[in-house]
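Top to bottom, those sequences are chains A and B.
Letter by letter, the first sequence follows residues 1 to 409 of my numbering.
Letter by letter, the second sequence follows residues 1001 to 1080 of my numbering.
Since the hints were derived computationally from the structure, they do not count as laboratory data.
Only a predicted model underlies this, so the values are computations on that prediction, with no experimental measurement involved.
Do not rely on the hints blindly, as some may be mistaken.
Unchecked claim - Reference excerpt, derived from the structure (chain A facing chain B, CB under 10 Å, subset only):
id, residue
1, 85
2, 131
3, 180
4, 198
5, 237
6, 286
7, 288
The beta-carbon is built from N, C-alpha and C at its ideal position, and this holds for glycine as well.
These are the residues of each chain, in order.
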Amino acid sequence: MPNVQSLRCKECGRDYPLEPIYVCDFCFGPLEVAYDYDAVAKNMSRESIQDGPLTIWRYDQLLPASRENAVDIGAGMTPLLKADNLGRELGLNNLWIKNDSANPTHSFKDRVVSVATTKALEFEFDTIACASTGNLAGATAAHGAKAGMRTIVFLPADLERGKILGAAIFGSVVLVNGNYDDVNRLCSELGDDRRWAFVNINMRPYYSEGSKSLGFELAEQLGWRAPEHVIVPVASGSLFTKVYKGLQEFAQIGIIDSADTKMHIAQPAGCSPVATAFIDGQTHPKPVVPNTVAKSLAIGSPADGYYSVGIANKTGGSATIVPESEVAEGMKLLAQTEGIFTETAGGVVISALRRLARDGVIGRDEKTVALITGTGLKTLEAIADSVETKTIEPTVRSFDEIVMETVVN
Amino acid sequence: MPLRRVTFVFKTELIRRPVIYELGKKFEIVTNIRRAEVGQEDGWVVLELEGTLDEIDRGLEWVTAQGVGVSSIDGDILAG
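Given these sequences and hints, build the entire structure.
Spelled out as structure tokens, the structure:
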């Protein structure tokens, strides 16, 4: 970790020691890891990256922990696939899908939790915790198990059974009788009160750095070039800001020539505070009460919403509010063209992409990446009314009548 | 005394109203502004509130009812 200098306030620039803290005492701005980029540039090259492990830890010169002590269950280096079939549907010749459902617990959260857990061990915490409705729960539970830490994952008691079991297999789930606000409040109080590593509270400056690896990978997998457009599903906005930061850092230290990527926000209509602020010309998203089928994007009060709006504006990007009815359509379109079964957040991204292509925001030949952040297998209920099956009698005649007729016609 | 760190977001029509002053007058809450900005379409203030938890809750309920967007500076903890 020789390249890490301090935690630095994003607003007033005040420096803090590398501790489990996350807010500037003076201006209440968020703290972010600050690096010595001259040192990074000396220690990091395309070759040194390629010699590293096939995980996020190949980029450890730009992460706040070193790979030697990493809690690593294989997060990162997920496939970047040329999406020619979907591209044909949308009129795009240079479309790529970054498939982060190929992570160990099937979402991009493995990237951030791998870094948070590593730092938690470094800070000598014995307990790691999170509050989640899905992907973060699985990632924290799995990394906590690998690290040998006491792990506490808070889930709303009325969450779908599949999601509860998917985290509980790692042995660490607490179900809370209460709604979304109740769980938030409980965890906020516990975060203040207990000496725990709470992945997205006191570990947040380190945790969020893990998302930069998505930006690094895009550049590496595109032949050391930044894409012209990236479409990102936005919840808290942390992923959005860190993909941007990753691309900028690679340009700053000379790993890539430039990073002029336009950053596009995708949110569902049932929870779109960040996209709404962007579209209305406002700087700060106004909180909303989420009511969306895209549960992994249901953040009504997004901590990094302000910064996401700023980056979308600065890069010449955009924001799309996807109607709830188009979420499952986007999931089906990706599945039936590219063979990738995405979660609802991916459905939001694909439907946003379709609108951006239709409206000419993305040019036909411009290099475009859609981020698919998790698997659809965790959110089967979202497509229950959208897919059809056929039932036949166990005879060839029945098959020919019911199935072949449809195929031919 | 408990402290809460929050962001208030004001739409244009509310920017001229001294909502934070009124909050301090109507409730037993000490307000301490740390950062603020007024733009063309909105304004926001990051501030610390000091008071009993019940009084802060009542105060924030009143602020929200005036049309101000209220959020913790931590954002939502419960993530997807």
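For each hint, the structure was consulted:
1. At its closest, the beta carbon of residue 85 of chain A sits 28 Å from a beta carbon of chain B; the interface hint therefore is violated under the 10 Å criterion.
2. A cut of 10 Å between beta carbons decides the hint on residue 131 of chain A: the least distance to chain B is about 4 Å, and the hint holds.
3. Interface restraint check for residue 180 of chain A: the shortest CB-CB distance to chain B comes to about 6 Å, inside 10 Å, so the restraint holds.
4. For residue 198 of chain A, the interface hint holds, since its Cβ comes within 10 Å of a Cβ in chain B; the closest pair sits about 8 Å apart.
5. The interface hint given for residue 237 of chain A holds, since its Cβ lies 8 Å from the closest Cβ of chain B, which is under the 10 Å cut-off.
6. Here the hint on residue 286 of chain A is kept, as its CB sits about 4 Å from the closest CB of chain B, short of 10 Å.
7. Using the Cβ-Cβ criterion of 10 Å, the hint placing residue 288 of chain A at the interface with chain B is satisfied: the shortest such distance is roughly 9 Å.
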